[in-house]
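2 protein chains.
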Amino acid sequence: MPISAISSFPLPFSPLRGFGVARVLESKNPDYKKGDLIWGTTGWEEYSLIAEKEALFKIQHTDVPLSYYTGILGMPGLTAFAGFYEICSPKKGEYVFISAASGAVGQLVGQFAKLMGCYVVGSAGSKEKVDLLKNKFGFDGAFNYKEENDLDAALKRFFPEGIDIYFEHVGGKMLDAVLVNMRDHGRIAVCGMISQYNLDKPEGIHNLMCIVYKRIHIKGFAVFDYFDLYPKFLDVVLPYIRQGKIVYVEDIAEGLESGPAALVGLFSGRNVGKQVVVVSHE
Amino acid sequence: MPISAISSFPLPFSPLRGFGVARVLESKNPDYKKGDLIWGTTGWEEYSLIAEKEALFKIQHTDVPLSYYTGILGMPGLTAFAGFYEICSPKKGEYVFISAASGAVGQLVGQFAKLMGCYVVGSAGSKEKVDLLKNKFGFDGAFNYKEENDLDAALKRFFPEGIDIYFEHVGGKMLDAVLVNMRDHGRIAVCGMISQYNLDKPEGIHNLMCIVYKRIHIKGFAVFDYFDLYPKFLDVVLPYIRQGKIVYVEDIAEGLESGPAALVGLFSGRNVGKQVVVVSHE
Chain S
1 MPISAISSFP
11 LPFSPLRGFG
21 VARVLESKNP
31 DYKKGDLIWG
41 TTGWEEYSLI
51 AEKEALFKIQ
61 HTDVPLSYYT
71 GILGMPGLTA
81 FAGFYEICSP
91 KKGEYVFISA
101 ASGAVGQLVG
111 QFAKLMGCYV
121 VGSAGSKEKV
131 DLLKNKFGFD
141 GAFNYKEEND
151 LDAALKRFFP
161 EGIDIYFEHV
171 GGKMLDAVLV
181 NMRDHGRIAV
191 CGMISQYNLD
201 KPEGIHNLMC
211 IVYKRIHIKG
221 FAVFDYFDLY
231 PKFLDVVLPY
241 IRQGKIVYVE
251 DIAEGLESGP
261 AALVGLFSGR
271 NVGKQVVVVS
281 HE
Chain U
1 MPISAISSFP
11 LPFSPLRGFG
21 VARVLESKNP
31 DYKKGDLIWG
41 TTGWEEYSLI
51 AEKEALFKIQ
61 HTDVPLSYYT
71 GILGMPGLTA
81 FAGFYEICSP
91 KKGEYVFISA
101 ASGAVGQLVG
111 QFAKLMGCYV
121 VGSAGSKEKV
131 DLLKNKFGFD
141 GAFNYKEEND
151 LDAALKRFFP
161 EGIDIYFEHV
171 GGKMLDAVLV
181 NMRDHGRIAV
191 CGMISQYNLD
201 KPEGIHNLMC
211 IVYKRIHIKG
221 FAVFDYFDLY
231 PKFLDVVLPY
241 IRQGKIVYVE
251 DIAEGLESGP
261 AALVGLFSGR
271 NVGKQVVVVS
281 HE
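Top to bottom, those sequences are chains S and U.
Quick note: the first sequence uses UniProt numbering, first residue 1, plus one each step.
Quick note: the second sequence uses UniProt numbering, first residue 1, plus one each step.
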């Protein structure tokens, strides 16, 4: 321990921070005793000092892999749950599109949507990921955005009647193409815009007038505002995992020294499934 | 009659349609009898045939100018009411910015916001309009966007602590500047984007990543979805008008022949207040 998930908030002169799983060695907080398993904000290091203000949850259920608490049962899982059920107001039979759909959040949003009876299509950046979406996660369709010259045409192919719900992870050209394919009263949950983070100047989005014409609802959100939903989320998701109704794919890198390459790999889309770094098997 | 408001939806080979006030001369619908006053979708013509599917409301209160039913007591008024109270979730003390603020909708949104105890600033396109916002409608501040080289700097001058609510009428560069000045959990009600309608290609908006960072909520809306609120709206607004707590400014053009110039004037911002065309004083 800890197993660190790749989602870092760098602070100057300190190890990168990310969501990880760890065992308590010592605690001055009476709620945590030696030996307890926790997940929350840990450092990219073998031993972490965790301040009380950090996100921290005690792990109660250990019949699933502990690494799941960096993903499907941790921050990305709760992100998918809050984003889909609280922001998207989904209804049975609706048309759902998810970008970066094979990531930790996307794969779960798609499975939630399928369980609700929606039609679900995802985009990803390799054949391997597209196959995963269709064959492992049960999406109705999936495409490799790198192989599409015209994203608008690709979306029209999969959504001839338009999109009710877009779960946004990438921004840029994809968002612009989605806007013209949204249906009236469509909802866009903005979880991230990874295509834009490292640009000197973000791309211009030209189709925002669709927001007026189609009365579209767009909402940015962060999991930090939804931590109170965590118990309810576990009640829903743990049974699905145990029954095999929801599956989960991780991309596991071994050793703290593999962390930097794993982080850089996220931006080129090298990882397949949730990127996890095993710091210690204990 | 009718008095036609300038908000047209052109149909081929028929007069322009807009919201107007008229007196019933003949009706096959038992709900409307000869002599009744109505407001709703009328033609730019002296005599209109109104189909049942059109928006149509009977005028019950005639102690206010009838032209008000093309504006503050009609479609723009209900737009302001639904947009502000239903979309913006306003709270006392919040920071509110309104673009195209001297128009029929903007002037009313600003007054609703002041009545709620918000800090309100509007933008407009002439000194005359800016003076109107500050001196007639009681805005806390107003500026002429045509005189600002740097809209971001202008917004920071008026909103050093950021914007909670943006009532959007214009789009383009103004929206881009507003996004970076929004506060966390800010709300943007998108009523229109008039700066973009006549461009071959709409301007690119570059600051949408703020939606994620600040968990911003953006919602496009159309008054057509809120007609059921009309009775409640009248109950709120009519007393305010009678007590002088809400004021209203119209720009009245005389005669049907003045209609085309009045319509074109909207796009250059020539009108001050709600543009109305008097077709007949009856």
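Among these hints, one or two may not hold up.
One copy or two, it doesn't matter: identical chains are merged, so the pair holds either way.
[Stated by the list, open to error] No more than 30 Å apart at the CA atoms, straight line, and that leaves these computed lysine-lysine pairs for DSS-like:
| # | residue 1 | residue 2 |
| --- | --- | --- |
| 1 | Lys245 | Lys201 |
| 2 | Lys201 | Lys156 |
| 3 | Lys34 | Lys219 |
| 4 | Lys58 | Lys214 |
| 5 | Lys201 | Lys33 |
| 6 | Lys34 | Lys91 |
| 7 | Lys53 | Lys91 |
| 8 | Lys173 | Lys201 |
| 9 | Lys134 | Lys33 |
No lab work stands behind these hints, which were simulated from the structure alone.
Being a predicted model, the structure only gives us computed values, none of them experimental.
Here is what the structure says about each hint:
Taking the shortest Cα distances, Lys245 and Lys201 never come within 30 Å of each other, neither inside one copy (42 Å) nor across copies (46 Å). Taking CA atoms no more than 30 Å apart as the test, Lys201 paired with Lys156 passes in both settings, with 29 Å inside one copy and 21 Å between copies. Taking identical chains as interchangeable, the C-alpha atoms of Lys34 and Lys219 are never at most 30 Å apart, the minima being 41 Å within one chain and 48 Å between chains. In this homomeric assembly, Lys58 and Lys214 come within 30 Å of each other (Cα to Cα) only across copies, at 28 Å, whereas the closest approach inside a single copy is 44 Å.
Taking CA atoms no more than 30 Å apart as the test, Lys201 paired with Lys33 passes in neither setting, with 48 Å inside one copy and 61 Å between copies. For a Cα distance limit of 30 Å, the shortest separation of Lys34 from Lys91 qualifies neither inside one copy, at 45 Å, nor across copies, at 46 Å. Taking the closest pair of Cα atoms, Lys53 and Lys91 come within 30 Å of each other only across two copies (28 Å); inside a single copy the shortest separation is 37 Å, beyond that limit. For the homomeric pair Lys173 and Lys201, the shortest alpha-carbon distances inside one copy (14 Å) and between copies (15 Å) are both at most 30 Å.
Taking the closest pair of Cα atoms, Lys134 and Lys33 never come within 30 Å of each other, the shortest separation being 43 Å inside a single copy and 62 Å across copies.
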